[in-house]
Amino acid sequence: MAKRIDVSDLNVYYGSFLAVEGVTVSIEPRSVTALIGPSGCGKSTFLRSINRMHEVLPGARVEGKIVMDGQDLYGPDSDPVDVRRQIGMVFQRPNPFPTMSIYDNVAAGLRLNNKKMKKGDLDDLVERSLRGANLWNEVKDRLGRPGSSLSGGQQQRLCIARAIAVEPDVLLMDEPASALDPISTLAIEDLMTELKERFTIVIVTHNMQQAARVSESTGFFNLSGVGQPGRLIEFNPTEKIFSNPDEKATEDYISGRFG
Amino acid sequence: MTSTSSSRPVLRRGDRVFAGTAKGAGILIMLILAGVTVFLVVEAAPALTAPAEDIPGGDGLASYIAPLLFGTLLAAVIALALATPLAVAIALFITQYAPRRLAQGLGYVVDLLAAIPSIVYGFWGVFWLAPKMVPFYRWLEDNLGFIPLFAGPTSATGRTMLTAGLVLAIMILPIISAIAREVFRQTPTLHREAALALGATRWEMIRMAVLPYGSSGVIGGAMLGLGRALGETMAIALVLSVSGGITFNLISSGNPSTIAANVALQFPESSGIDVNTLIASGLVLFVITFAVNMGARAIVNRRAEFSGAGS
Ligand SMILES: Nc1ncnc2c1ncn2[C@@H]1O[C@H](COP(=O)(O)OP(=O)(O)OP(=O)(O)O)[C@@H](O)[C@H]1O
Ligand SMILES: [Mg+2]
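Line by line, the protein sequences are chains L and F.
The first sequence lines up with residues 1 to 259 when you count with the numbering used here.
The second sequence lines up with residues 1 to 311 when you count with the numbering used here.
Chain F with its partners taken away, still in its complex shape:
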C-alpha cells in the first residue's frame, strides 16, 4: 500500500452527482419539516394568545385541547396494546410454524388489510362492528364493571372508545406484522441453530433467538403503527360517539374525541379564532408524534449493543 501524494481525493462524476442528489433530498426534507412547523406555529399563535372566553368551550386553549389529546392517546394506546401481540403472533406463525404455501397466503391477506381505505374501516366499524360489540360490552359491564375501564353504562350503539381502539388496531395490524415478519425471517440461522443444538424446543428457540433478535424491529414497527393510530382521522370520526371529557370509561357513549377526528369534524364550520384553535391542536399532535418517534429511536438504540446488529 503506497500512499499517493495527491492532496485531494479524486471524486468521480457519478459519485459527485449521487452525493449532491442525496444531500439535496436531505435538505429538502428538512425544509419541508421546517415549513410545516412554521406554518403550524404562526397559524396557532392567535389561539395561544387569545383570551380564554374566545376559545370554543370558553375555558381556554388548554382545557379545549386536553380531552382531545387524552382521547387521541387513549385510542392509540388501546390499538397498540391490542395489535402488537396479535401482530407478533401472526408474524411468528407465518415465519416459524406455517407450511410455506399457507404462510404466503396468510401474509398476503394480512398485507391486503393495509390497502383498505380508512373510510371503509370507518363504515365497517359503525355499521358492522359496533352493534356486534354491544352484547360483549354489556357482559363486561355486568361482570367486570368494578374496573373503572368497564364501568358503563354501556353505549346502546357500541360506538365507544374500545370500538374505536379495535378498528384502529386492525388498521395498524398489517404495518406491525409486516415489519415483525421481516425481522423474524432474518434471524440468523447461526443463532437459531445455537438454541436448537442446546435442546431448545421450537418455542424455546423462538424465545432465545428469534424474539430477542427481532425485538427492536418490532418496537420500530409498533411505533410506526402508533404514528398511524395517532393521526388516524376518518375511521375515528365515523366510529366514535363524542360527548364528553376525559374518562377512562371505555364502553360508554360519553367519549372524548381525538385531535385528528375533531379537526375533520369541526373544520368545515369554523372560522376566525376557531380555526386557529384547531391548528393549535394540530401542533400538539405534531409534537406528540415527534416525541413518540424520538422515544422509539431511543429504545431501539439503547438495545443496539445487545441486538446482534453489529455481529
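Here chain L stands alone, though its shape is the one from the complex:
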C-alpha cells in the first residue's frame, strides 16, 4: 500500500560534516518522484535517510523529521528495522546475494518477515514478484542458479523483485539504471511506471530524460560550494521543472549550463 512521506527541516550529517541541510518536502503516494542534481550534492544521502540506512555508517546521524502517513520514522519508539521493512531500496550497483539462488534472493525478505511461510505460498510470491519485475520469463527455468549468474540488467531486476516481494509501502531507487545498457534501462523505466500503481517511488537519477519520462514530481538538489551542505533548491511537478522552473539554478542545470 503506497504511503505519503513528509520531510521537514531535515539535516543529515556524516560525523561533524553536514552533508544535507534543511530539506522540507512532501512525496506523494502512487507516483514517481525524481531527485536530480550534480554529483556530491547529497541525493543519495537524503535518499538513505528516508529508510534509515544512513545511520548504519559509523558517526552518521540525522536531525529533523520524516513522517510516513502519520508514523514518525525517527520517533523515539520507531525501530529502524521496521522502517526498512516498510521502505524498500534498490541500489546503484546490482547487489543480489551471491551465495543465494535466484529463488532464494527473492525469498530472502519474505523469510525475514514470515519465518513459517508454506512452500506453496512462497513459490507463488516469488513468481509474482519476478513477474512484477519483468524477469519471470527469463529465469523461470533456472531459479536454482546463483543470482550472480545473471546479466547486470537482470540482476538489477532481480533486486527489484527482491525489494517488491515484501510489499513495501515505498520504494527508493538510487540510480538503478546507471550501470545498465539502454535496453535494460528502458525495461526498468517501464517497470517503474507499472510499480507506481502500487508503491510510492523515489528515484535518484543523473539522466534528465529519464527523470522527465518516468516522474510526476522532480526535486533539484544543489550545493553552493565544496564542503558546503547540499540543499533542495526546487521541488515541483516534472513538467514545470523541465519547461519553466522557478529557480535560475535549476534551469542552468537542466539545460547543461551548469558549473
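By construction, these hints were calculated from the structure, which means they are not laboratory data.
Source: prediction; values computed, not measured.
All residues carry an ideal CB built from backbone N, CA and C; glycine is no exception.
One or more hints might be untrue.
[Said to hold, decoys possible] Computed beta-carbon distance windows for the label pairs:
hint	chain 1	residue 1	chain 2	residue 2	range
1	L	GLY152	F	LEU48	51 to 61 Å
2	F	ARG202	L	SER178	23 to 33 Å
3	F	ILE32	L	ASP121	40 to 50 Å
4	F	ARG100	L	LYS240	22 to 32 Å
Once you have looked at the hints, place chain F with the ligands on chain L.
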C-alpha cells in the same frame, strides 16, 4: 587496435627474471615434497615388509598404527569441534559488534595465543587445566555416563583425551579466528547493505551476508587448524596419559596416543625396526594431512560458484 606482425611476444627483463624465480620456487617446493615422500617411503619400507612379531606390540604394523591414528584423529576432531564455533563467534564479535578500540585489543590478545610455544601449552595443560577439569569430568560421568563418550571411570589426573582436545583447541583457535576475522571483515558493503535494507536485524544480516560470504574462508581456516592439530607433538605428549587402545571414552585414563606424540616419546629409545615402524606411522600422518587438505580444497571449490568471489 592494430596487431603487430612480430611472431614472438616481447618479454622484458624484469618479467623474465620474475617468471624464472617463481618457476624455480615452485619446482623447489615440489622437489622438497618429493624428497620427503621418498625418504618416508624408503625408511618405512622395512617395517612394511617385516614379519608381524618384529613390530613393537607383536601384532603387526596395522594394529600398531591403528590406535595411534585413531587417537590422532579423535584429538584433532575434538579440537576442531570446540575451536571452530568459538573462533567464528570471536571473529564475529570483533568484526561486527565490538567497538573499534575493544575489537583491536581483543584481536591482539587472540593473536598472541598463537605465539605461545606448544611446550608451554603442554605444561599448562598438565599442571593447571587437567586437575581443574577432574570435577567436571566426574559430573559428566555421573550425569551423562550413559553416553559412551563419558562412560568413565574418570581419570584422577584429568590427563584425558578431552583435556588434550581442549588444549589443542586453544592452540588452533588463533589461526581459525584470524582467518575468519579477515574474511568477515571483507564482506562487501554492498551485500551487507542489501540485507539491512530488506529489514534484517544485525544477526539476520550476518546470517544472510557475512557468514555465507566467509564460509569457504572459515573452512580453509579450520583445515589449517586441523593440520596443526594433527601434527601437534609436545602438548599432547605432555598432557595425554597413554595406556590403551581404540576407545571413544574421552574422560578415562586409558587413552590411545597420537602419531606425533608417540614418535616423540618412543624415538629416543628406539633402534632398528622400531625406528622404521615409527617412520611408517609418520608416513600415515603425512598421507592423512594431505588428504585433509585436498578435502578442504574440494569443499571450498564446490562452493566457489556461489561464493561471490567471482562477482
Ligand atoms: N560515507 C561517507 N562519509 C563521509 N562523507 C560522505 C560519505 N558519503 C558521502 N559523503 C559526502 O556527502 C556528500 C553527499 O554525498 P552523496 O553521496 O549523497 O552525493 P550524491 O548527490 O549522491 O552524488 P552522486 O550523484 O555522485 O551519487 C558529499 O560531499 C560526500 O563527499
Ligand atoms: Mg549518489
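> Taking the CB of GLY152 of chain L and the CB of LEU48 of chain F, does the distance hold inside 51 to 61 Å?
Replying inline: At roughly 59 Å between Cβ atoms, LEU48 of chain F and GLY152 of chain L fall inside 51 to 61 Å, so the hint holds.
> Cβ-Cβ distance between ARG100 of chain F and LYS240 of chain L: within 22 to 32 Å?
Replying inline: Violated, since ARG100 of chain F and LYS240 of chain L (Cβ atoms, about 48 Å apart) do not stay within the stated range.
>> Assuming the hint says 40 to 50 Å, is it satisfied by the Cβ distance from ILE32 of chain F to ASP121 of chain L or not?
In response: violated, 60 Å
>> Taking 23 to 33 Å as the stated bounds, is the beta-carbon spacing between ARG202 of chain F and SER178 of chain L within them?
In response: holds, 29 Å
Of the hints listed earlier, those the structure fails to meet are numbers 3, 4, in rising order.
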